[in-house]
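So the protein lines, in turn, are chains U and X. The numbering used here applies: residue 1 is where the first sequence begins, and numbers increase by one. The numbering used here applies: residue 967 is where the second sequence begins, and numbers increase by one.
Among the hints, erroneous ones may be present.
[As the list claims (entries may be wrong)] Dumping the calculated DSS-like pairs for lysine-lysine here, alpha-carbon to alpha-carbon at most 30 Å:
1) U:Lys932 <-> U:Lys881
2) U:Lys773 <-> U:Lys233
3) U:Lys581 <-> U:Lys648
4) X:Lys974 <-> U:Lys430
5) X:Lys974 <-> U:Lys437
6) U:Lys626 <-> U:Lys822
[What the hints assert, rightly or not] Derived CB-CB ranges, DEER-like:
7) U:Thr88 <-> X:Pro999: 44 to 54 Å
8) X:Glu970 <-> U:Glu307: 46 to 56 Å
9) U:Ser425 <-> X:Pro999: 41 to 51 Å
10) U:Leu838 <-> X:Tyr998: 21 to 31 Å
11) U:Lys395 <-> X:Pro999: 45 to 55 Å
12) U:Lys233 <-> X:Cys983: 12 to 22 Å
13) X:Glu970 <-> U:Pro908: 42 to 52 Å
14) X:Cys983 <-> U:Asp468: 35 to 45 Å
15) U:Thr182 <-> X:Cys983: 57 to 67 Å
16) U:Glu334 <-> X:Tyr998: 20 to 30 Å
17) X:Glu970 <-> U:Glu285: 49 to 59 Å
18) U:Leu914 <-> X:Glu970: 46 to 56 Å
If you're looking for bench data, these hints aren't it; they were derived computationally from the structure. Treat the numbers as computed from the prediction; the structure is a model and nothing was measured. Ideal Cβ placement from N, Cα and C applies to all residues, glycine included.
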Amino acid sequence: MVIDAYNAGLGERKAIYKYYAQAIPSAYAIDSDNCRQLGQGKKCGICAKVCPTGAIDYKQKEQMLDLEVGAVILSTGFHAFDPGRFDTYNYAGLPNVVTAMEFERLLSAGGPTSGHLMRPSELSLKADLAAAEKGLSKLHKQLKQLEGKYGKTTGEMYDTFQSAGKDDKDLRRWETLAEQATELENRLRDLKAKQETAHEPKKIAWLQCVGSREINQCDNGYCSGVCCMYAIKEAVIAKEHAKDGLEAAIFFMDMRTYGKEFEQYYNRAQESGIRFVRSRIHTVESVPENDNLRLGYVTESGDMVSEDFDMVVLSVGLESSPEMQDLAAALGIELDHYNFAATSSFAPVATSRPGVFVCGVLQGPKDIPLSVMEASAAAGAAASNLSSARHTLVKEKTFPEERDVRAEPPRIGVFVCNCGVNISSVVRVKEVVEYAKSLPNVVYVQENLFSCSQDAQDKLVEVIKEQDLNRVVVAACSPRTHEPLFQETLRNSALNKYLYEQANIRDQCSWVHAGDPDAATEKAKDLVRMSVSRAALIEPLPMPSVPVTASALIVGGGVAGMVSALTLAKQGFKSTIVEQKDRLGGHALKLKKTWKGEDVSEFLGKLVEEVKAEANIDVLLNAEIKDTSGFVGNFKTTVSSNGTESLKEIEHGVTILATGAHSIAPQEYFYGKSERVFRWHELDEAWDSDLVKNASSAVFIQCVGSREPQRPHCSKICCTFSVQKAVELKERNPDMDVYILYRDIRTYGEREDLYKEARRRGVIFVRFDTDHKPVVEQVEGGLQVTVIDHILRRPITLKADFATLASAIETRDIAGLAQQFKVPVSQDNFFLEVHMKLRPVDFATDGVFVCGLAHYPKPIDESIAQAQAAAARAATILAQKSIEVEGVVSTVDETLCRGCGKCVEVCPYGAPQLVEVAQDVHVSRIQEALCKGCGACAVACPTGAAAIRHFNDREVLTMVEAALCE
Amino acid sequence: MTAEFEPKIIAFCCNWCAYAGADLAGVSRIQYPPNIRVIRVMCSGRVSPDFILRAFQLGADGVLVSG
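Okay, chain U solo, but in the shape it has when bound:
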């Protein structure tokens, strides 16, 4: 057995292994270091002997490949911080101090404990006990043999030993074995005594910022940006897993839940009883009698507390690896001072070397959604460089012309798979094969070892022709994974791909009824019968392809909109930018510098010029969307522009929504009533005014309107902005008193440097909570701000020449647009993408994408990355000449339709439309490209006019009947 690195060293695997259950490619590999045959020079070869397909080749060698490419994308990820180097946390010495990565495996259903919450001390105790018991029983067996041979007990052996002398080989061995047995018995007794105090964790502590925001014991001055969220997630899941309740406490400095819907998750975690303690733990001590851990910490009221926990989870940060530094050196790209790839805020996925792009944590600490956005952005940026070579390396796949089988009676072929031993070790496949032969319409049955292998596919093509099959049933794994493969084989055999049906006798049969071969075999027969009955009814379906209009409509002419238009233009696609205002630029017009000090206005000026000069981009100002219709590849939108009544109709293949967001006008802190109170961008505008220039003290108030019950989201960019401005004020006038009144400072990622810089320059940070918000008063010659100091725990009064409010960011009037483009809006009133982690720029409606602040507040570098991502995703559609529409769609029999509109009501995708066919006579028509094939309309239709292809009533009911007919 080998220590399993995937399970963070908590489990074991063999020398031949798959990295993890869902690994892609889903293939086994030999770990040559631990292989007896390859690494240890011993004779083995067992795997080659048992492999039914002969896939094992011990002679494979590492190869050097030379690839000629036009661009390189680096996405090598990160290295989790190793807390073993800190003695404070005692990670190396105490088993129940684990890293968050290890805890993740302990929570996983595929992990070493199958998701059962256990402490590592108990895990190893269990393993030790089992090993000791096994060893002891082996020794006892050996001793018994000797006892039998000599007819004496082991006790009596010693006498014999004395008289026979020490030369007797048997006796000498007997003595050693007896000693070993005593030793092991003692050990077993100790282990069993220990088991008495063994218990599942009932109380777990998470310690934040381990290896992040830390410059004393390591050089990771940055915030890793993801640990606050993953710690909360782990605590929530651990509480769900623990059967009899679990006490969870998270020890943190600032809670950084700055992402989309993160703050609401944090709020829910607090409501569910997870304790959040604002304190950085300095020592973890062991409680030896029960393997518990003692934490010493200082509470917010200044008391020293000692508290015991069953387990401590270290929320370890993300860092660049030494391998990455070697790779960067080899590729000649620059790294920043934390060894992440150096990039500009204006080209967030471009490295210092043209043609080499970067995405993910390699570019800086970040979470999954932003990594995915950057991945698409890098693909888009690379594609822009390579657009002249597009399609040059593509081989087009062709299929033989489809045979029309509609007039033929069904001739069904059934192929039953063994899946190696995955099915055949439980289900008696031969019996299923014989049974299938008895079913109606079945003309051919075959057993396969692996139905999905290439040779089996080739054979399938032959058999379909030879036997003149017109329906195929494969009884094997899940159609979710393999249906497309078999459908393609059908197309290669001149059959329509919808003449295929799959019975899932592995994932939903042999694997889940391993202990009951009889019942599993019966079930497999039932599943085959159900599939055969359905196969007899299924029909070939048309897959119409529709041409694509190779241009985009981009709503919003801010940085996000312009960047996506330019990214598309560089790939050769036209786009129209529709901007509400009379100029391009959006909110970036109000910004001066990024947090890294880059000049925003200079960048913006160039960007606007580039857009105006680009022949592929058409800009409509003072414009408004009036109406839109159509579907992916074929949208039609009516726009009014420049205040004229004349409407313009634009045809476009995709739509990108980049409408941005606004900062609210606060109703508190004298905003709008005193010239000394600014919103954050207004400070930039007033930067050179006498009031700001001559000020001797300034106050920033954070979270104005954000993270409050009426607007629970975090506006994400305001902490960085205020800290940046505070530093700039101090740079201009080091004697100025600058205060930042905050709730949590959320300078995530490498922005943490700025926070450090602000403290170094003497900016004073005062934390407040929502129960004691700061009070601003107007006094003679300035403002007076009263706030309760979190260290002194008493009110302090600050004199300020001006105050800057970090006012919340929200969208304005997006409901109308959302309705027009049939896309959803989140509770926070931002556009809601189809999947918040994995598809951060796509909507469920095909062909519509989102980027920029309309998705969520974000800094300019993230907006640009998301804009490039949206363009890259859009280009995947625009690059196709036509798109094939899925055949599983609804249809309406117009002779039965009475135009009641029930289908229109229930369809979540807006596919059915009522059309007036004669005066006051309406019928429903399905726009097939919009239909997702859910079939809700077929259920809602009172007359049976609406039906769903491939899953019509007969096709489903026959399975019900077949299931219950025996």
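Since the structure of chain U is provided, determine the placement of chain X on it from the hints.
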């Protein structure tokens, strides 16, 4: 009554969630009684009350709609 009552259960599973969940149970080797027959549909919204009534009429002891 005979020794053991073995119910016949028909399950309508949405291809995108519940059916994927049933596959995952297999991948995770979670064991459950073999009394259930799963029918895959593209959405639980496809499951018409007629399907459920027909299943009961034909002797199903339980119908599960999952999606």
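Checking against the hints above, which ones are violated? Numbers 9, 16 - these are the hints that the structure violates, sorted from lowest upward.
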